[in-house]
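Student: Each chain, letter by letter, is given below.
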Amino acid sequence: MNADKIHALEAQAHEISWFEATARQRLRWFVDAGSFEEFLGPAAREMSPHLPDFNLPEAFDDGMIVGRAKLDSKPVLIAAQEGQFMGGAFGEVHGAKLTGLLRGARDAKGPHVVILFDTGGVRLQEANVGELAIAEIMRAVLEARAAGVKVVGLIGGRAGCFGGGSLVAACCSALAISEQGRIGISGPEVIETNRGVEEFDSKDRALVWRTMGGKHRRLLGGVELFVGASIQDFRDAARSLLAQAPSLNLDVLKAEQARLEDRLERFGSCADGLDVWKALGAKDPAVIPGMAADAFIHLADTIRRPRYDAR
Amino acid sequence: METLSYRHKAARRAAGSKPLAIVGVVTSGNLEVLVERLLPDLECQVEIATSAHGFGDLWQAVVADFVERHSPGGLKFSINDGGARPDTVALRLAQAAHLIEEDSL
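As given, the protein sequences belong to chains A and B, one line each in that order.
For the first sequence, our numbering assigns the number 1 to the initial residue and increments by one for each residue that follows.
For the second sequence, our numbering assigns the number 1 to the initial residue and increments by one for each residue that follows.
Everything labelled a hint here was simulated from the structure, so no lab data went into it.
Heads up, a few of these hints could be off.
[To be verified] Calculated pairs, SDA-like style, for lysine to any residue (alpha carbon to alpha carbon, straight line, at most 25 Å):
#1 Lys5/A / Lys278/A
#2 Lys18/B / Lys278/A
#3 Lys18/B / Ala293/A
#4 Lys109/A / Leu124/A
#5 Lys76/B / Glu37/A
#6 Lys18/B / Phe36/A
#7 Lys76/B / Gln12/A
#8 Lys5/A / Asp103/B
#9 Lys76/B / Asp301/A
#10 Lys76/B / Ala43/A
#11 Lys109/A / Gly41/A
#12 Lys5/A / Ser73/A
#13 Lys76/B / Lys278/A
#14 Lys76/B / Phe55/B
#15 Lys9/B / Ala64/B
#16 Lys18/B / Lys109/A
#17 Lys5/A / Lys9/B
#18 Lys9/B / Ala3/A
#19 Lys18/B / Asp32/A
#20 Lys76/B / Leu40/A
#21 Lys283/A / Lys254/A
#22 Lys18/B / Gly268/A
#23 Lys18/B / His8/B
#24 Lys203/A / Asp103/B
#25 Lys76/B / Arg28/A
#26 Lys18/B / Lys283/A
#27 Lys18/B / Gln12/A
#28 Lys18/B / Gly41/A
#29 Lys70/A / Glu102/B
#30 Lys18/B / Glu92/A
#31 Lys70/A / Lys9/B
#32 Lys109/A / Arg68/A
#33 Lys18/B / Ala43/A
#34 Lys18/B / Ala3/A
#35 Lys5/A / Phe55/B
#36 Lys76/B / Phe36/A
#37 Lys18/B / Glu46/A
#38 Lys76/B / Lys109/A
#39 Lys278/A / Gly268/A
#40 Lys5/A / His8/B
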């Protein structure tokens with residue numbers, strides 16, 4: 001590939017929205033131009049054995065793209081979920097592809113792994129194998145980290161990062177999220193359905209975002225970096241996290257336990273994201289949802305510096 | 001699910017040397033097209049798995065129109081369809097043909 005073409009691709013990465021892009025589009029502009037090499041690609045037709053039972057259409061890659069690539073000329077393993085196919089949900093094949101990638105990283109003690117999350121959680125049509133897949137992936141993430149591999153998660157897709165996907169994200173070495181990114185065990189509609197509208201009004205978008213959205217997750221300390229909306233912003237974040245994320249050891253686990261205890265103590269009585277932001281020292285919490293990315297990043301770095309000693 | 005298959009003669013071999021390309025996503029009103037360079041130079045095949053039953057005539061017309069316009073000789077197209085409209089199908093087929101003819105990237 002010629003230099004002009006590489007330059008053109010790099011320029012496009014600044015303009016293309018992570019949120020709007022498909023998983024394959026994200027990959028194309030996220031890694032060094034032309035460096036992605038897919039494992040078990042669409043031509044292998046490794047598709048869900050379960051969806052035909054439900055008379056549902058399959059996807060050639062089962063919504064999970066895995067492979068190796070280069071980021072700044074350094075090798076990385078990479079996995080991307082397609083949030084538009086079945087809500088990016090984990091089925092048997094979808095999950096097994098990520099498990100395999102992580103076990104490969106564990107066995108070879110590298111390279112580092114980047115996961116582009118975009119998922120509503122376990123695929124309901126494959127409930128049992130999907131749940132098993134989540135358990136296997138969590139184990140594989142931790143085993144890879146114990147072997148010295150960093151596992152970095154990026155969240156900013158249409159489907160967010162919910163259910164089992166949020167459990168996997170919580171096992172990662174470090175996370176980055178955009179304004180549109182959301183993380184939660186249960187999605188807004190699930191909470192409302194089970195606990196009633198007084199517990200959580202899923203139609204109240206502002207409430208949803210200040211409970212599960214990127215800005216709140218950053219301020220609460222659940223993710224290390226808040227990023228802008230372009231593919232380049234995520235690329236820069238991944239590069240930074242791969243450099244700074246801790247390896248998994250007893251000190252990091254103890255620091256994580258202390259971090260969570262401190263969080264519970266400081267914010268356990270807060271009823272709303274706004275209360276948390278106020279307790280953190282934000283002078284005017286009400287303006288935070290409307291802040292542009294750069295201004296928010298500055299504020300977040302002032303009232304809560306990202307830390308890399310706990311995970 | 002309904003499966004359909006169409007085979008056509010093409011006027012020319014598709015340009016380029018990429019072995020495969022994929023475009024689109026399987027979701028409501030959308031489809032994915034996997035195109036592979038697997039066939040003799042002047043043949044073209046389109047295989048479809050669709051969740052919308054009973055639209056064989058429309059598929060046949062869209063595929064015949066696509067082959068006539070783009071002459072995708074040597075290419076096999078495999079489609080997973082989530083109930084896309086004919087204009088979306090025509091667009092994705094054209095994108096797939098364009099992608100596999102593009103320089104390697």
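Student: Now tell me if each hint is right for this structure.
Tutor: Hint-by-hint comparison with the structure:
| no. | hint | verdict |
| --- | --- | --- |
| 1 | Lys5/A / Lys278/A | 48 Å, violated |
| 2 | Lys18/B / Lys278/A | 56 Å, violated |
| 3 | Lys18/B / Ala293/A | 40 Å, violated |
| 4 | Lys109/A / Leu124/A | 34 Å, violated |
| 5 | Lys76/B / Glu37/A | 22 Å, holds |
| 6 | Lys18/B / Phe36/A | 15 Å, holds |
| 7 | Lys76/B / Gln12/A | 30 Å, violated |
| 8 | Lys5/A / Asp103/B | 10 Å, holds |
| 9 | Lys76/B / Asp301/A | 53 Å, violated |
| 10 | Lys76/B / Ala43/A | 11 Å, holds |
| 11 | Lys109/A / Gly41/A | 24 Å, holds |
| 12 | Lys5/A / Ser73/A | 17 Å, holds |
| 13 | Lys76/B / Lys278/A | 59 Å, violated |
| 14 | Lys76/B / Phe55/B | 21 Å, holds |
| 15 | Lys9/B / Ala64/B | 10 Å, holds |
| 16 | Lys18/B / Lys109/A | 33 Å, violated |
| 17 | Lys5/A / Lys9/B | 34 Å, violated |
| 18 | Lys9/B / Ala3/A | 38 Å, violated |
| 19 | Lys18/B / Asp32/A | 19 Å, holds |
| 20 | Lys76/B / Leu40/A | 19 Å, holds |
| 21 | Lys283/A / Lys254/A | 32 Å, violated |
| 22 | Lys18/B / Gly268/A | 56 Å, violated |
| 23 | Lys18/B / His8/B | 21 Å, holds |
| 24 | Lys203/A / Asp103/B | 47 Å, violated |
| 25 | Lys76/B / Arg28/A | 23 Å, holds |
| 26 | Lys18/B / Lys283/A | 57 Å, violated |
| 27 | Lys18/B / Gln12/A | 23 Å, holds |
| 28 | Lys18/B / Gly41/A | 14 Å, holds |
| 29 | Lys70/A / Glu102/B | 22 Å, holds |
| 30 | Lys18/B / Glu92/A | 30 Å, violated |
| 31 | Lys70/A / Lys9/B | 41 Å, violated |
| 32 | Lys109/A / Arg68/A | 14 Å, holds |
| 33 | Lys18/B / Ala43/A | 13 Å, holds |
| 34 | Lys18/B / Ala3/A | 20 Å, holds |
| 35 | Lys5/A / Phe55/B | 41 Å, violated |
| 36 | Lys76/B / Phe36/A | 23 Å, holds |
| 37 | Lys18/B / Glu46/A | 21 Å, holds |
| 38 | Lys76/B / Lys109/A | 39 Å, violated |
| 39 | Lys278/A / Gly268/A | 13 Å, holds |
| 40 | Lys5/A / His8/B | 35 Å, violated |
In this structure, the hints that do not hold are numbers 1, 2, 3, 4, 7, 9, 13, 16, 17, 18, 21, 22, 24, 26, 30, 31, 35, 38, 40, in rising order.
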